[in-house]
Each structure stands twice: as C-alpha cells, then as structure tokens.
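Using the sequences plus the hints, can you model the full thing?
If you read the protein sequences in the order shown, they are chains A and B. With our numbering applied, the first sequence corresponds to residues 387 to 726, in that order. With our numbering applied, the second sequence corresponds to residues 3 to 426, in that order.
Hints in this document: simulated from the structure, not taken from any laboratory. Possibly wrong hints are sitting among the right ones.
Which chain A residues face chain B? A few, computed with CB under 10 Å, are given here [unchecked claim]:
1) Glu-408
2) Phe-440
3) Cys-447
4) Ile-449
5) Met-456
6) Cys-457
7) Tyr-459
8) Pro-475
9) Tyr-489
10) Gly-493
11) Pro-498
12) Gly-512
13) His-515
14) Asn-551
15) Asp-552
16) Val-641
DSS-like cross-link-like pairs, simulated, lysine-lysine; straight-line CA separation at most 30 Å [what the hints assert, rightly or not]:
17) Lys-410/B - Lys-651/A
18) Lys-209/B - Lys-436/A
19) Lys-53/B - Lys-79/B
On a predicted model such as this, the values are computed, not experimentally measured, just so you know. From the three backbone atoms N, C-alpha and C, an ideal C-beta is built for every residue, glycine too.
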Amino acid sequence: MAVMNMIEAINSGLETMLERDENVVIMGEDVGYFGGVFRATAGLQEKFGKTRCFDTPISECGIIGAAVGMCAYGLRPVPEIQFADYIYPGMDQLISEAARLRYRSAGEFTAPMTVRTPVGGGIFGGQTHSQSPEAMFTHVSGLKTVIPSTPYDAKGLLIASIEDNDPVLFLEPKRIYNGPFTGYYDNPVAPWSKFAESEVPEGHYTVPLGKAKIVREGDAVTVLAYGTMVHVAKAVVEEHGINAEVIDLRTLVPVDIETIEKSVKKTGRCMIVHEATRTSGFGAELSALVQERCFYHLEAPIERVTGFDTPYPHSLEWAYFPGPVRIGEALEKIVGDLKS
Amino acid sequence: MADEKNKSNLPPLSLHIPEPKYRPGDVVDYSDLEIPEAGAQARPDIHSAPKDMRDMVYDMIRVLDDDDTAVGPWDPKLDDETLVKMLRTMVQVRTFDDRLHRQQRQGKTSFYMKCTGEEATSVASTMALHADDMCFPSYRQQGILFVRGYPMVEMVNQIFSNKADKLKGRQLPIMYSSRELNFFTVSGNLATQYPQAVGWAMASASKGDSRIAAVWCGEGSTAEGDFHAAMTFAAVYNAPVVLNVVNNQWAISSFSGFAGAERTTFAARGAGYGIAALRVDGNDPLAVYAATSWAAERARTNQGPTLIEHFTYRADAHSTSDDPTAYRSAQEREEWPLGDPIMRLNKHLIRRGIWSVEQQEQLDADCLEAVKAAVTEAAKNGILGHGLHQPFETMFQDVFEEMPWHLKEQAAQANKEREIKWPS
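Structure (structure tokens):
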C-alpha cells in the first residue's frame with residue numbers, strides 16, 4: 387500500500403498496465419516528455435519509451451481515429467483527451483466507429499480502448515475547461531462510461547477499463563484530483579492523504595465495472611451521485627443531519643441497477659445529484675429508471691439537483707455549481723415531512 | 003460614422019458557389035483538361051524527399067499510350083500471368099456489379115453500389131500490395147476482396163443480408179468486413195477510415211512489423227476533418243501507409259469543385275503536409291499498379307506515407323438510390339478522355355499478343371456464370387425482407403462483449419414482441 391492522490395493513483399494504474407501488457411500504449415496532447423497537463427502520465431515515457439507513451443498532434447479526431455486503427459492492429463490504446471470539453475472533434479470516431487466496431491463487423495474487429503479525460507468544474511476553468519458531458523456518451527450504444535471518486539477506485543476502475551474488451555470513456559473529476567472537495571468552496575480542501583481512500587495498492591488490482599458503492603448507509607433518502615458530487619452530497623447530508631444513503635455509481639453504463647433499486651425500495655425517496663446541465667442529463671435517465679422500478683415504494687417525488695442549463699460561467703462558477711445550498715434545499719424538500 | 007463613409011466606396015462582396023461545367027443535356031468539351039502524354043513522367047527514386055518531387059502532384063502518371071503500349075519509366079513490366087489476372091479480376095468485379103445492381107432492382111436487397119469505371123483503382127492497387135498489408139476501404143473498393151479471393155457467395159450473402167451473412171444482417175449491403183483477408187470493416191461514415199489506417203500503420207511500425215496499411219477515400223470526402231487529421235498524423239509519425247484518393251469527379255451530385263478541385267489537384271494536398279504525393283491516371287491499371295508499388299516500397303522501407311490521387315470517372319450512379327441524369331451530362335461518361343480501365347487493359351493484352359477477342363468473350367461469359375452461380379447459391383440462404391433470417395437475439399449481441407442487464411431486458415421485450423408479430 388502507498389498513499390496516493392487521484393492523479394498518482396491514475397499514474398500508477400497506467401504504469402501497472404504498461405508493465406503488464408506490451409500492447410498498452412498511451413497517447414495524447416502533452417502526455418509524453420512533459421507527462422500531461424495534470425501530470426497523470428508523468429515519468430511514463432521515460433520509463434517505457436517513446437513508442438509506449440507519446441505526444442500527439444492537437445487533433446482529437448486523429449487521436450481517437452488512430453486509436454481505433456491501433457485496436458484493429460491488436461493494441462490496447464489509452465488515449466488522453468486533455469479536457470472533456472475538447473472531445474467533440476473526436477465524437478464521430480468514438481460514437482460511429484469505436485463504439486460500433488464490434489457490432490458492425492460481427493466481432494471481427496473490436497475497440498478495446500480506454501479514453502481518459504478530465505471533467506467537471508470548480509477550478510475556474512470557464513466554459514471550455516469545466517464541462518461534464520457524460521450524458522452525451524451514456525446515450526451511445528456500445529460505449530461504457532466510468533467515473534471514479536477516490537484514488538483507490540480511480541486506479542482499480544482504470545485497470546478494469548483498460549482490461550475491458552469494449553471501448554470505455556474514463557471520466558476523471560479534476561476537482562478531486564488532489565482531495566475530496568465537498569462543495570464548501572471557501573474552506574480549504576483536505577488532501578487525499580488524510581483519507582483512507584488514498585491507501586492504494588502498488589500493483590495490479592481491479593474495481594469491477596458496473597458495480598456501484600454505498601459510501602454512506604442510511605434509511606431516510608437514497609442519494610445517487612458520481613465523481614465530485616459524491617463528496618459534496620455526502621458532506622451536505624451530514625451537515626443537515628439527515629440519515630441518507632449515498633450511492634457512488636462509479637459506472638454510468640452499464641449502471642448498477644440492482645444497488646439503486648434495493649436502496650430506493652428501502653428508503654422510499656431518491657435524490658439525484660450531478661454537476662452537468664439538467665435537461666437530458668444522466669439524472670433524467672436515473673429518474674426514469676427509479677420511477678419505472680420503484681414507483682410504488684416512493685413517498686416523495688424524485689429530486690434532481692444539477693448544474694443549470696447554461697454554459698459553465700467563469701466568474702459565477704460558484705453560483706452555477708450544484709453545491710450545499712441547492713442540495714440542501716432539495717434535501718429538505720424530499721425529507722421535510724420526516725422532520726415534521 | 004467614418005466607417006460608413008468609407009464603406010460607401012467599396013464594391014459589394016460576392017460569394018462564389020462552384021458550378022460544374024456541364025449539366026444534363028450540355029455538350030461536353032474536354033479540350034482544356036490537361037492530359038499529359040503517357041510515359042513522359044519521370045519516376046523519382048523511392049528514396050527521394052517529398053520536397054524534391056512536388057511537380058508530380060500537378061502531373062499525371064500514365065503508362066498505356068494511345069497505341070495500347072506500355073511506355074516510360076513507370077511501366078511496371080508485369081508478366082503475362084499477372085496482367086491476365088488483373089484483367090480477369092476487373093472483369094469479374096464489373097460483372098458482379100452489373101448483376102448485383104440488377105438484384106437490387108428486382109427487390110432482392112435494399113441497396114447496391116457499383117464501382118464501374120473505377121475498377122483499376124482498387125484491383126490494380128491491391129495487386130501491388132502484399133496480401134497481409136491492411137486495407138481500409140471506403141465503400142467502392144470491392145475490387146480489394148476480389149483480388150484477395152473473397153468468395154463471391156459470401157459477398158452476396160452480405161448483400162442479401164441473409165442467414166448466412168457473416169455480418170449477421172447488420173450492415174447496409176456492400177459494407178463488407180474480412181479480418182482474415184486484412185480488409186477493415188466498411189463504415190459508411192466518410193473518411194473515418196483515414197486516421198484509422200494511419201493508426202494501424204503506426205502500430206505496425208511501433209511493433210517493428212513489416213506490414214503496411216493502405217486506405218481509400220473519394221475526392222469529396224477529402225473535405226472531412228478526418229482526412230486532414232490523418233494527413234497530419236501520417237506526416238508527424240512517418241506512418242507506413244498508402245493514402246489513396248479516388249477522384250471520380252462526383253460525390254453524389256456534388257462535383258469535385260466542392261472539395262476544392264477548382265483551385266488545385268488532390269495530390270497537391272500531400273505537398274502541403276510534406277508527404278510524397280503522386281497523381282495517376284486512374285483508368286490506366288498499369289499506372290495505378292506502378293504508383294502503388296512505388297508508394298508501398300517507400301512505406302516498407304520506412305520512408306513513410308504517400309498520397310496517391312487516382313484521376314478517374316464515376317461512370318455510373320453513386321448508388322442504386324441515385325440518378326445522375328438529374329445533375330450531370332451523360333456525355334461526360336461517353337467522352338471521358340481517359341477511357342475505360344478494362345477496355346484499355348484488354349487492348350494492351352491483345353497488342354502484346356497474349357489475349358484475343360475470343361478469349362475476352364469467353365472471360366465475360368465465365369465471369370457472368372460465376373456471378374449467377376454465386377447469386378443462386380446465396381439466394382438459398384434467403385433475400386432481404388423475406389422472413390427472419392438472423393436469429394432474433396443477434397440484434398442484441400456484439401453491442402458489448404458481454405450483454406449487460408439493460409440489453410437483456412430489451413432482448414426479452416423483443417422476444418415477446420416476436421411472439422405477437424410472428425406467432426410460432
């Protein structure tokens with residue numbers, strides 16, 4: 387075991403896979419000599435050589451397109467898209483090509499690639515360095531979408547994603563690279579080293595895809611969250627003294643419906659929290675699933691707490707972010723009758 | 003305002019919308035089309051730097067002259083057997099196209115695409131590659147499969163989307179895939195195969211392999227970002243790849259001017275990237291073979307990518323869903339100054355004394371018989387729209403390696419619907 391923040395855990399996951407599988411290659415803008423703008427690939431080129439970890443032209447279409455071709459050759463590429471906000475030029479290669487290769491060729495060609503990309507705001511990144519576009523990908527058949535919330539999960543899920551034989555979009559909540567940000571932006575963020583989840587095994591281990599984690603057990607309300615919002619939601623329910631069950635989804639597709647269903651049937655209430663814009667967000671899908679499966683157990687309307695349907699603003703970042711006030715209000719609304 | 007005052011003296015801007023020279027009914031005049039003499043183009047050493055051969059992108063490599071003789075430094079000097087194989091394969095492709103086009107018209111499938119007039123650009127170029135070189139085709143390179151011996155009956159099974167279709171009835175007709183023959187699954191989205199081919203070539207190079215990649219797209223889809231991403235990657239990593247642009251003049255109803263042909267050649271795109279580029283008479287099978295060999299040898303000796311523009315003409319409709327009489331002059335095809343690749347090779351072989359009119363007639367008949375037999379055989383496995391050819395559950399297979407819960411649920415629903423729609 388070693389103590390790692392999320393970046394170090396991701397770096398360790400990449401290093402582990404580069405060591406174990408000679409077909410794993412890392413490519414992306416600034417990932418080589420420099421080691422990535424967030425340092426996720428630091429030291430990897432030096433250790434494994436230029437053909438295993440290398441810089442690319444600034445062309446997301448080219449990065450993902452070339453990765454598809456590498457998959458056809460037999461490699462297992464792990465391309466990095468520097469910010470999720472930049473991924474759109476690569477969407478056709480991801481959606482029409484990588485995600486459908488196995489289907490359209492009846493299994494002759496597959497795309498076992500893991501596309502890593504940082505998501506989310508709260509770092510004063512403005513509208514082009516803050517987006518959470520997960521729902522655009524969860525809508526795509528043939529693509530898995532994964533988002534960790536701790537260093538331990540980040541490494542385990544990353545290794546599981548790289549070993550998976552289908553294309554995986556691996557979203558990294560950049561706000562929690564260094565520590566579990568709880569949404570109280572005026573308070574300093576405690577580093578990961580102060581938390582048990584920073585205990586990360588040195589070598590190979592996996593956290594299975596498609597399995598959620600109950601991060602806080604409770605019976606008053608089920609809170610569904612992922613990425614940064616797991617920590618924010620957990621902090622807010624604790625501040626409000628509400629005995630909520632907080633579930634970290636970890637994988638959005640395929641989502642762990644069993645864990646969700648079991649919890650909502652127990653609590654009878656469900657609140658969904660995500661940072662992404664509201665309309666057609668992944669919360670809409672979760673809300674529909676819960677309604678379809680747990681309707682007769684529900685004692686209150688499902689609450690969705692999300693970012694607003696605006697671009698991510700720069701100066702008004704904390705007005706946009708679905709933080710303690712927005713979550714708190716929704717919480718009081720959904721469990722208010724329990725208190726009276 | 004001062005600005006307003008200045009503006010009053012400026013001429014109004016005008017937007018240029020390209021327009022092809024000839025529309026239906028127009029008399030076609032090709033006299034201003036520059037067609038250099040066959041054999042007049044120098045053949046640079048394969049070790050030449052791209053910057054030392056920029057003239058090639060505005061020239062046109064031609065081998066077969068007006069007397070049907072192979073001339074000049076680009077003559078690949080193929081043996082008789084190879085030449086006859088090339089002719090046979092091109093004739094088989096054309097016969098197949100004609101017959102399968104007819105099957106679509108008879109309602110046996112939804113769609114078909116011929117490559118009539120462009121056979122050389124896939125047949126001759128694939129013959130110049132090794133069998134284990136990886137091909138990333140667009141949708142009009144069926145010639146690759148014929149060169150590599152893919153059984154016609156498998157092609158027809160795919161076209162009929164029947165129960166023997168190896169792609170499980172999932173793909174539009176002609177969007178073949180054959181991993182065994184190093185033929186990448188055809189997408190249908192344009193030019194996506196370009197960066198993929200470069201990625202494959204990068205992988206081959208990084209593994210110290212000896213195989214190279216070849217990719218094809220039409221001149222129209224060179225406008226896609228994928229094309230330019232691929233060119234950048236190919237140049238940056240010196241990828242061992244042959245990049246073919248089949249300039250058949252038409253992208254459905256849009257003439258090549260909508261991809262930039264009013265200003266320069268497509269081969270000239272290579273010069274901008276520092277990539278070796280050749281422009282070749284795409285209806286001259288020997289020129290296509292020679293250019294591809296040259297490019298393949300460069301790639302195989304670690305000298306990187308080559309762009310080849312094949313200057314040809316789409317002699318028929320874009321697809322069975324298209325009617326070119328609505329937008330172009332029929333005379334364009336009739337008078338195409340570069341002729342027809344099959345006729346030109348036929349005449350060359352006759353001139354060489356290794357082929358005859360009788361042999362050609364026999365070949366035509368043999369090819370037709372072979373296609374008819376393949377169609378009959380494939381039809382036994384069903385034709386599109388008549389019955390349920392693929393097991394129902396195949397709809398949900400191969401979305402992922404393992405079927406997740408939501409697809410299992412939807413598969414169960416589909417099975418329930420089947421009981422209602424088609425009671426057993």
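Each hint, compared with the structure:
no., hint, in the structure
1, Glu-408, "holds (9 Å)"
2, Phe-440, "holds (9 Å)"
3, Cys-447, "holds (5 Å)"
4, Ile-449, "holds (8 Å)"
5, Met-456, "holds (4 Å)"
6, Cys-457, "holds (8 Å)"
7, Tyr-459, "holds (4 Å)"
8, Pro-475, "holds (7 Å)"
9, Tyr-489, "holds (5 Å)"
10, Gly-493, "holds (5 Å)"
11, Pro-498, "holds (9 Å)"
12, Gly-512, "violated (24 Å)"
13, His-515, "violated (22 Å)"
14, Asn-551, "holds (5 Å)"
15, Asp-552, "holds (5 Å)"
16, Val-641, "holds (8 Å)"
17, Lys-410/B - Lys-651/A, "holds (22 Å)"
18, Lys-209/B - Lys-436/A, "holds (12 Å)"
19, Lys-53/B - Lys-79/B, "holds (28 Å)"
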